[in-house]
Structure formats: structure tokens, C-alpha cells
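If you want the building blocks of each chain, they are given just below.
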Amino acid sequence: MLKNPIFSAYSLLLLGSAAFAQWTGFGLNPATPIKDVPKSVRENPGVYRSHYAFLPRWFGGK
Amino acid sequence: MQAPAQKPAVRAFACPNCGGGMELRGFQHTRSAVCIQCLSVLDTSDEKIKILQKFDNRQRVRPIIPLGTRGKLHGTVYEVIGFMVRTITVEGTQYSWHEYLLFNPYKGFRYLTTYEGHWNDVVPCHGLPAAATAGGRKAAKYLDRTYKHFQNAMAETTFVMGEFPWAVKVGEKVESDDYVSPPYILSAERDNKEVNWSHGTYMTGAEVWSHFNLQGQPPAASGVFANQPSPHQGRVGRIWKTTLIWLAIWFAAVVFFGISAQNKLVFDQSYRFDPRAAARGEASFVTPVFELPGRTSGVDVEIRTDLANNWAVFNLALINDETGQGYDFGQDVSYYSGVDSDGSWTEGSRSESVTIPQVPAGRYYLRVEPESDPNAPAMVYQLRVKRDAPHVGWLMLVLPFLLIPPIVVSLRSASFEGARWAESDYAPSSD
Numbered sequence: 001m002l003k004n005p006i007f008s009a010y011s012l013l014l015l016g017s018a019a020f021a022q023w024t025g026f027g028l029n030p031a032t033p034i035k036d037v038p039k040s041v042r043e044n045p046g047v048y049r050s051h052y053a054f055l056p057r058w059f060g061g062k
Numbered sequence: 001m002q003a004p005a006q007k008p009a010v011r012a013f014a015c016p017n018c019g020g021g022m023e024l025r026g027f028q029h030t031r032s033a034v035c036i037q038c039l040s041v042l043d044t045s046d047e048k049i050k051i052l053q054k055f056d057n058r059q060r061v062r063p064i065i066p067l068g069t070r071g072k073l074h075g076t077v078y079e080v081i082g083f084m085v086r087t088i089t090v091e092g093t094q095y096s097w098h099e100y101l102l103f104n105p106y107k108g109f110r111y112l113t114t115y116e117g118h119w120n121d122v123v124p125c126h127g128l129p130a131a132a133t134a135g136g137r138k139a140a141k142y143l144d145r146t147y148k149h150f151q152n153a154m155a156e157t158t159f160v161m162g163e164f165p166w167a168v169k170v171g172e173k174v175e176s177d178d179y180v181s182p183p184y185i186l187s188a189e190r191d192n193k194e195v196n197w198s199h200g201t202y203m204t205g206a207e208v209w210s211h212f213n214l215q216g217q218p219p220a221a222s223g224v225f226a227n228q229p230s231p232h233q234g235r236v237g238r239i240w241k242t243t244l245i246w247l248a249i250w251f252a253a254v255v256f257f258g259i260s261a262q263n264k265l266v267f268d269q270s271y272r273f274d275p276r277a278a279a280r281g282e283a284s285f286v287t288p289v290f291e292l293p294g295r296t297s298g299v300d301v302e303i304r305t306d307l308a309n310n311w312a313v314f315n316l317a318l319i320n321d322e323t324g325q326g327y328d329f330g331q332d333v334s335y336y337s338g339v340d341s342d343g344s345w346t347e348g349s350r351s352e353s354v355t356i357p358q359v360p361a362g363r364y365y366l367r368v369e370p371e372s373d374p375n376a377p378a379m380v381y382q383l384r385v386k387r388d389a390p391h392v393g394w395l396m397l398v399l400p401f402l403l404i405p406p407i408v409v410s411l412r413s414a415s416f417e418g419a420r421w422a423e424s425d426y427a428p429s430s431d
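Just so you know, the protein sequences line up as chains A and B, in that order. First residue of the first sequence: 1, per my numbering; consecutive thereafter. First residue of the second sequence: 1, per my numbering; consecutive thereafter.
Derived from the structure by calculation, the hints contain no laboratory data. Glycine residues also receive a C-beta, built at the ideal position from the N, C-alpha and C atoms. Keep in mind that a hint or two might mislead.
Label pairs and their calculated CB-CB ranges [to be verified]: (1) B:Gly258 <-> A:Pro30: 18 to 26 Å; (2) A:Pro30 <-> B:Glu347: 15 to 23 Å; (3) A:Pro30 <-> B:Asn309: 23 to 31 Å; (4) A:Gly16 <-> B:Gln233: 30 to 38 Å.
Chain B extracted, bound-state conformation (with noise of 0.2 Å):
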């Protein structure tokens, strides 16, 4: 018959600095603990407890999760067992960042590192990452999943409290290299005798106060973390596809209405204009009735002149010779060249013409009324009505309105990007 599994104990013992009350949970994996009280490092790895380290900066961090407190992931229950803070240095301003290590007496330990409100939960790596480059740049390759390097920097242990399965130290340093492929975080941490990798998945702080049953709220989440997923991922290249099925039905209806326009000439009539006779007498007269067929729709009136050097302005009707309705418009028309001593100039046009939109079937004439200076030569111009020619103004119009939301959703996903490794060892300020 079997013996029944003995049931780990809990090992108590005094602290050799102060006095105090200690309790190792981590069992027979523990090789140090931190005093709750003095801050001492003991090194619990052999019946005899010895201290490793004196407390000698009076300036206690106090964590956020307390020591003792329970919380499950992944479906394990886990002890918070130990709190470190951990320092680097960059361009003379040091960043600081909490780890939590706990355990569990079946599945071992497992962090929960927190930094400005972001938070991951990181585990040892159990390969070894390949080296890789992504982009041209040093990656990582671990589990099928590349890992873009984010950062290098000296990480020293700056406070330590509860107990580690290593001898911890206050002021230990290693050489930390960090890796990302949101939501998850490699990260290398080397010294002089060997390397450890581990993985880290991105966890905000509701999530753990939600796994830890933490009373209140979380510190509220700073800036974007190296490896915090983008809320836009994913977004810019599904609405670009979207845009590019739009931009193939806006281009089919700009075809459409190009080749469905009837675009036909109704009216096309030459007249002469001499400003002299016209200011002994009645200038304007009207031109025959034409028919302008089909549904409601525009109406272009195009005046084509031979002016050089003068200008016409011309005080039109198109009335429906049928009702006494119609449209009342003017369109000027001037025309000048020269030479100076900046070479030949032109301004103006010899031709102008004017729309006149929703414009209802009918039999339709203009009532023509030209104006010149009262000097100026005769001229020669020519009337020419076209019905519903082939203007896509308005889907031209809506063009740009249709790119506003990709674009403002790719500007978007960029500044987070931006903003990501602004932090990195490859922000844009960086050499």
C-alpha cells in the first residue's frame, strides 16, 4: 500500500537581523527571503539562515499587491511570494518597474511584472529564442512568432522584499534585452555566468485586479507600453480593403454617368457683335426655338468669341417658349496678350461656358443681350447648348471625403506605433 503524498509545510523561522517572525512558502525552491520587517536579504537555502544583505536605505517601496495575496491565472491559484523593483537608466533618467513573483507549489513561479499602469504576465521561456532581424533590425524568434528588439539597457535590482528562488540582492545587475511582438514581450537578461529568457503576455491592470480580487481600482494605464496591443491592429488593412471596393464602385459610376450622359448638342448658332452699331440700337435679340429632350437635367451654354484684347459680357435668357419660364444669367468673356519684359503673356479666355442645372424638357430659346466696349471692334462669336453633358463634379466632390476615414485611421495607428517606440532604442531621435 502506498504511502499518502506528504503535504508540503509551511517553514517558519526568525530573522537573524531583527528578530522578526519569517514564513518561507516557496518550500525547498526558496534560497532567499527579504525581512518583512528590516529589509534584510537571508539566504534560506540551508537549515542555518544567514544574511546576505543589510537594509541600509531606509526608503521601503510598498507594493501594490501585498504579500499573501491569492489570485488565479490560467486557472491556477498563485501566492504572491516576492516583490522586487527593478531599475534602468536611460540618458541619465532612471525608469522603474515592480515584479511580483509567484508560485504555486504544483506549477512553480511565474511574474507579474508592472510598469506606468501596464502590466505582464511573464513566464521563463522554455527553449532557447533564435536569433533573427526583422525589418533590418535585431529580432528575436521564439515559438514560431518573431520578436521585433525593443531595448538594451543595465537593469539593477533597487529593492527587495518577500522571498526568491535565487539569491537575490539589492544593487545585483544585469544586461537586459527586450523584445516585442504585441501583446507579448521577450525579454534576455544576462550577467557574467549565464542567460535568461522569458516571455511576458500584456495584461492591463483591470484584468488583474479582477484575477487577484483586488479592492479599488488600478493605477490608470501611462503612455503605450512596448508590448501593449494597438487598439487599431488589424483595422488599417481591412478598411483599406473596404476603401478599395468603394473606390471601384465610385469609379464605375463616374464610367457610368460618363458614357450614360446624352451629351448632345441642341443648339450650336455664329452671330457677329459690332459695340458700335449696338449703341445706336437694340442689341439684344433672340435666337430659334430648340428642343431640349430627355429627363430633368443640365444644361451647358458654351459661348465661343475671337476677342483680343477686349472683353463681352453677355446678359443671357433661356426661356421655355412654351410657360414664359426660365433661367437669367451673365458670363463674362475677356480675352488680352502681350509682350513685356517678362516674354509673352495671356490672360483671360476667348471662351466661357456656363451650366444651368435641373433644366426640364422642352422647347427652349435664348434671349441674347451682348455688351463690349463701346470702341472696340466688331467680333465674332458662336452659341453652342449642349443638354445633360458629362459632368461627374459631384462624385469627383465625394472623392476625397471617401479617403478622409482610412487615412485618418492609418494616422491613428501610426502615432500609437509612434508612440510605442518613441520609448525604444529605435525612436526617431535615436542614433
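Next up, chain A with everything else stripped away, as it sits in the complex (with noise of 0.2 Å):
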């Protein structure tokens, strides 16, 4: 390895990021943050609407 200290530093940069990326669970989050979501949600969930709730949707077969 430290006959090629460039690639050992980059592959060192590579797997010591992904192994980061792997530890803390990050990744491309598809979930909006929401914040201050009223606790009354628990008895009367239609108080809360979705983001995704208002969305058009077709979903066709072949």
C-alpha cells in the first residue's frame, strides 16, 4: 500500500466515507421533516394531512 500512497489515500477517502455513510444510516432521505405535529394526530388523525396526500393518482395495469 505504500507503494501507491495516492490510491491507498483515495480508496482510504472512499471506503472511509461509505463506512461513515454506513454507520450514521445516511442516505437519500424520501421522507419530508416534519415538525410540531399536534398531539391530538393520536386521537383525531385527520387533523394531519400528508404532503403526498393531494397528489394525483393513476395507477394502470399493461
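Dock the two chains into a complex; use the hints.
Here's what the structure looks like:
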């Protein structure tokens, strides 16, 4: 590895970054963070509406 | 008392063709010389100088290292005393290279050859190379080194100047075979009487200029020469060895993250959804609270349905029961199947999953709001939540990037060798 210091540094950076991302569970988030969801949602789920609830729907088959 | 050794003297005479003054610096070794004025080739092996050949082509070639130039090679001072141009014809194209004859009264002769800015320091072989094979091809073995055959050609002497230890003649032809083992080259030259083997070592123009203290810059090297050492020599093996070490580390990391993940099922519940009933009321509901343990890591939410030729959309929110913070996301599920003229088919999947990254530990619940075609039949679905499922996506992503450097080095090395052998008898286009 000492004979290829640049390649080894490159590999270390790649693997180190991947391992860090892996360990912390880092990833592209498909979700939207939300804050201050009212406590009453547990009693009345309809007081909160998802950001995704208003999109047009159509899923056809072949 | 022993008499002191006699110092060799330069022999001077007049050219019998043009009368120009000439000096022989090769002493008794010189068998022929070329008049620098009229370029007649003279036989100097005898006291009576005879004309061997008159120069009828007035196109002179000017040696880039002038005759008489002195330089130091391997610790010995040599003088340039002869110059010749030799030419081979390959598929109708003439290729010419220059040869400089160097002489030292105590060490003898050696040659400097040059072609397209590439140089070789050439000496006669001290032993006879043996015939061999390398990779199924013709080769020669000399001093425990195997040289691969490179090229066979008829070499013709097309211009001469200075003096030579043999009876040189313009138009003289020999069959030449070159064998290479960079940075060395082995050459066999055959005529009707004998075979002469010589051994060359690649030199750069800058080295020649330095050794001979020449002014200006040497001509730039063009292309890849037969025995030019590859700048990638040894690098390919070294970088692949290093890559294997990193691949082993990568594999160990994959195993580590695979087995160290909690992969804990924290919620698993089945539900029934009737779109017709939902159209008359509120479809959304919340699940019981569940615990997400451990360090901040990902959460997998998997939805398994019994959909058949239908679709469903799940509007979901993973909400921290204590802070009211969370993540809002949606997931579509659709599954269709049938039979047509091409046979049976399916489209989509009955199960889908979403991974929410970096979710802190805490008590959470899901708000679920399913949707579907209002006329679709009721479906049963299962919600499964897993903490820290074993994903190794990032490690998989870097794998090709780990392989890029060794592949690039290998390709560059192969390209260099390809350029070298493209000029040989073994070029890919050659039969």
C-alpha cells in the first residue's frame, strides 16, 4: 500500500466515507421532515394531512 | 629498461577523388573512410588509398552530432568518427534511422543509433544469443534475458560519412532481426558471409545531449520505440496487489455492517382497508407507539399487500410521540397480472419498502392514510417497521470506484504496449 500512496489515500477516503455513511445511516431521504405535529393526531388522525395526500393518482396495468 | 608505449598518431592523407584533406582517427582499425567533401568511399586498409565508391547522389544528410564530437559514455571518452543512414522498406514505406560510430583507442567501437528522437547505445554482443520462444513467438536468449522477436526487415545503407572498421558501401544490404526486452534491444544482421549480433540500451535524447555536451535541445521523441521502457512498467502488478488489499478491507466492512446491524423488527401489524367504506369516512389512523432503540440509524417501513390488478397509495408519517417531530412520506403499491398473446404477465409488486435514514432513537408511531380506487375491493395489508436493517448500499456504491484506478493504469499500460507492438511484425493488423 505504501508503494501506491495516492491510490491508497483515495481508497481510504472512499471506504472511510462509505463506512461513515453506513454507520450513521446516512442516505437520500425519501421523506419530508415534519415538526410540531399536534398531539391530538393520536385521537383524531384527520387533523394532520400528509404532504403526499393531494397528488393525482392513476396506476394502470399493462 | 622498457621503452614507453608509442602514442597512436592520426593518419592524414588527401582524398584521391577531390583532393580534400582527410584524417583517420580510428587508427589501424579503420578499413574504409568517406571523404567529408565529396562523400567518396575510400579503402584505407592499405597505404595506397583507393576509391571504393563515388557519391552520385548529392543529397547530403547532416548528422545531428557532428563528426569529431567527443562525449563520455560509461566513464569513457568516445569520439564520433562515422555516420551512416540505414533504411528499411515496410509495405512500401521507407523508414530511416541514423547510426553514429563512436571510437575510443583503448575501448574500441560502439554505436549510437537514433530514430524519431529515440536513442540506443549499441555494442557488439560478446557471446552468441540462443534461439528461444516467448509466448509462442520467436525469441532470443542473451545473458539470461529473453528478448521477444520484434521485426524482420532488409536494411540498406543509404548514406555514409566518416570512417568505419569495415569496407562500408552505400547500397549494402543486410537482413536484420530485432528482439526486444525493454530497455534492451538485440539485433542480428545477416549477409551472405556472417551474422553480427549487437546489443542496445535505450537512451533519451536528453541523456545523449548531456553525455556529449551538445547545444540546444534534442529532437522530441515521437511515438513509442521498440525497446522504450514503459513508464507503467511494474505499476500494473503493484496497483492490483494494493487493490486486492483494499478489496479485502471492503469485504470485511461489508461483513461487519451486515452482521453488526440491529435489524430489529419493532412493529408488525396487519390491517384491512375497504376503499368504499373509506370514501364515506376518515381513512387515516395511527398505530400503537413503538420503540426505536439504539443509535441514530435507518428505519425500514415495509408494506405487504394482497393487491390484485389494483393499486394503493399509503400516505405515511413516522412521528416521535414525545417531540412531535417526524418524517412524512408516501409509498405506492400496485400489482397487475394477466394473460395475453405473449403469455402470462405481471407488473409491479404487492410489497414495497421505504428506508428513512438517520432516525434518532425514541418512541414513535405511524400515521397511516391508505388510498385506492374507490371501486376496488377491500385489501389486507401488513405494516412492518425494522430498526437498523442491514443495508450496505454505500459500500456497494464505492466498489466500482475502488476498481477505477487499477483499470485505468492497466489500460494505459496496455495502450503503451499496443503502440510499441503496432510497429512490429506482430501488430494486430499483421498476418
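Which of the numbered hints above does this structure break? Of the numbered hints given earlier, the structure breaks none, since each of them holds.
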